[in-house]
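In the order they appear, the protein sequences are chains A and B.
Under the numbering used here, the first residue of the first sequence carries the number 1, and numbering increases by one thereafter.
Under the numbering used here, the first residue of the second sequence carries the number 274, and numbering increases by one thereafter.
None of the hints are false.
Lysine to aspartate or glutamate pairs mimicking EDC-like chemistry, simulated, CA-CA at most 16 Å apart:
#, chain 1, residue 1, chain 2, residue 2
1, B, 417, A, 239
2, B, 420, A, 238
3, A, 87, A, 43
4, B, 420, A, 227
5, B, 417, A, 22
6, B, 579, A, 255
7, B, 340, A, 178
What follows is a set of in silico ranges between Cβ atoms, one per label pair, in the way DEER data are often shown:
#, chain 1, residue 1, chain 2, residue 2, range
8, A, 97, B, 400, 23 to 29 Å
9, A, 15, B, 313, 48 to 54 Å
10, B, 285, A, 195, 29 to 35 Å
11, B, 341, A, 252, 53 to 59 Å
12, B, 498, A, 252, 20 to 26 Å
A few chain A residues that don't get close to chain B, going by computed Cβ distances all over 10 Å:
#, residue
13, 27
14, 47
15, 97
16, 204
17, 220
By construction, these hints were calculated from the structure, which means they are not laboratory data.
From the three backbone atoms N, C-alpha and C, an ideal C-beta is built for every residue, glycine too.
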Amino acid sequence: MNILVCVKYVPDATADRKFEDDNTVDRVGVDGLLSELDEYAVEQALQLKEKAGEGADDGGVEVTALCVGPEKAVDAVRKALQMGADKGIHVVDDAIAGSDAVATSLVLAKAVEKAGSDSGDGGVDLVICGMASTDGSMSVVPAMLAERLSWPQVTMASVIESQGDQVRIKRDGDTATEVIGATMPLVLSVTDQSGEARYPSFKGIMAAKKKPLDVWSLSDLGVDAGEVGLSVAWSEVEDTTERPPRSAGEIVKDEDGSGAGALTEFLAAKKFI
Amino acid sequence: MSEVLVLVDHLDGAVRKPTYELLTIAKRLGEPSAVFIGDGGQGAEVAEKVKKYGAEKVYVVDDAQIKGYLVAPKAEALQQLAEKTSAGAVLIPSTVEGKEIAGRLAIKLESGLITDAVDVQAADGGAPVTTQSVFAGNFTVTAKVTKGTPIITVKPNSAAPEESEGAGTVEEFTAEISDAAKTAKIVASQPRKATGRPDLNEAAIIVSGGRGTGGDFAPVEELADALGAAVGASRAAVDSGWIPHSFQIGQTGKTVSPQLYIAAGISGAIQHRAGMQTSKTIVAVNKDEEAPIFELVDFGVVGDLKTVLPAATEKVNERKG
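Turn these sequences into a full structure, and let the hints steer you where they fit.
This is how it looks when you write it as C-alpha cells:
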C-alpha cells in the first residue's frame, strides 16, 4: 500500500508572522517549520504502516511525505522523514509562489498522479492531510484534492480504522458525531484529536539523511506555469492590516478576596449583568 | 440584479441563525435566493422563515437520495443551481461541512473561493469584498474573488440579521448526482446532546475553563449560567478528557468573537488566542500573574478561579435580584 502524506511548510505561529509587499504570506523572512497540524497526518500514516507490519500478509506499506513549497520547505519533508516516513517528494518551482488553495490542490493532484504512476504497483492508495494549515487555515485543500482526483474524501477524522481497502473514521461535526466509510483510494484528513504525534528519535534523525528525496518541478508534473502562482490566483488580497495591540487592561490581585467584587463591578459597569 | 445563492444552515429543517445573517449579506450583493438541501416536505416551512429575511426564491433540493453521503452531492447540487441561475455569488456558512462544500464547488465552477469571512460588503459594481481575520487574529485582510462566481464562506455573527420581506417563491430543484459523489458514506450519526446553554458560535458571552480548573468545570458552568453565557474550554482541558472537543476554543476548535470572553485558568497560548483574540471584551482569572492571557485582557484577576468564580457568581446573582 502506498500512502502519501501532504506536509506544508509554514511560518512559525509563535514567531512574528507578516505579509510581503504583494500581500502574500512571508515564507522566507520568518522561521518556518512543518505545520503542527500535519504532524498528526504523518503520525497516522506511520501508525497505519506499523499496524500493517504486524499483520503478516498485508505488509509493505510505504509512506511518502509530499510537500509543495519554496526551497526552505524541504525542512518540512525532512521532519516527516525523521519521524519515520520512507521517502520524500518536494515540488519546488518559482512559478508556484503566491498560489491559492485552488492552484495548490492542482499541483498536489498532479503530484499524487505522478507518484502513483512512478510507484509501478497500483498507484497511491491513500492521501493523508492535516485538518488545516496553521497559516492559511482554510481547511479546503483535502476536499479540493478529492474533487480533482474524483476520490472519496473522509475528512476531519479523530479516529481512523482500516481493513483491507476499507477505511472508517469518526468525524466530530458541528452538530453531530458521524462515522464515515469509504473505499480506497481516498483522501483522508485527520484532526489533532487523532493522537499525539511522535518526536523524531536520534536514530530517526540519522536514518532520515539516507532516505530518498525527489525534487520535482512543474514541468515534471506536466503543469503549465501559467496555471499557478499569484498572477492567476482566482482570489486576490487587496489589503492587509495589523490589528493594533490591545490596550493594557486593569489587573487586580485577589489577595484579600476582593477579586470577585472587582470583577463583578467591571461586568456591571460594562452592562454585562 | 443577479441572484445570490445562500446555502441554508439547518438542523433537520430547523433553520439556524447564520442563515439569516447570510441572507442579510446577500441582499447587499444582489437578489437573495435560499437553497435548502433537506427534507423536501419541510420546504414550505423553511421558505416561510427565510422569506422574512429577504429570500426572493427558495430552491428546495430534497436530500432523500443523498443525505447518507458526505458533502460531495451537496456541492454538485449547488453547482447545478449556480449554473442554472447564473448566480452572482454563493454564500455558505463557515462550518466544517460548509467549507468542504465550498472547496469542491470552487473547483467545479472554476471560481475563486474565500473562507471564514467576518464581513462582506459590495464594492462598486456590486462585487463582494470580504474581510477576514488571520494569523491568530493579528491581521485583518480584505480580499475579493477575481475569477468566476465568487464563493464565500461566512463565519457566524458576521452581520446583524435584518428583517426584510421577500417573495419566498418555492421552486423544487432536482439535482443530478453522480455516482462519484456517492462514495463517502455516512455509516452512523449521533447528534450532539443539547446543553441548554447558548451555542458557542452565537453566544454574546462565553466563559471558558482551562488547565486551572483541575477538571472541575462547575465554577465555570455556574458563572456561565448566571451570565446567560455559553461554556468553552482550552485544548488542555479537552486533551485531559474533562470536556468534549466540541467545546474547544482555539486554532483546532472554534473561533469565537463574543461581546465578552471570560478565560478562567487558561494561560493563553497562541493556539488559544487564535480562537478568541477578536472578542470585544476579554476578562481573565488566573493564579499565575505571568500568564500571557493577561496581555490581552480588559480586566484581569490574579487569583484562584475556584474561589473567585463562585464568589463572582454569587454577586452576579445578587445584582440580578
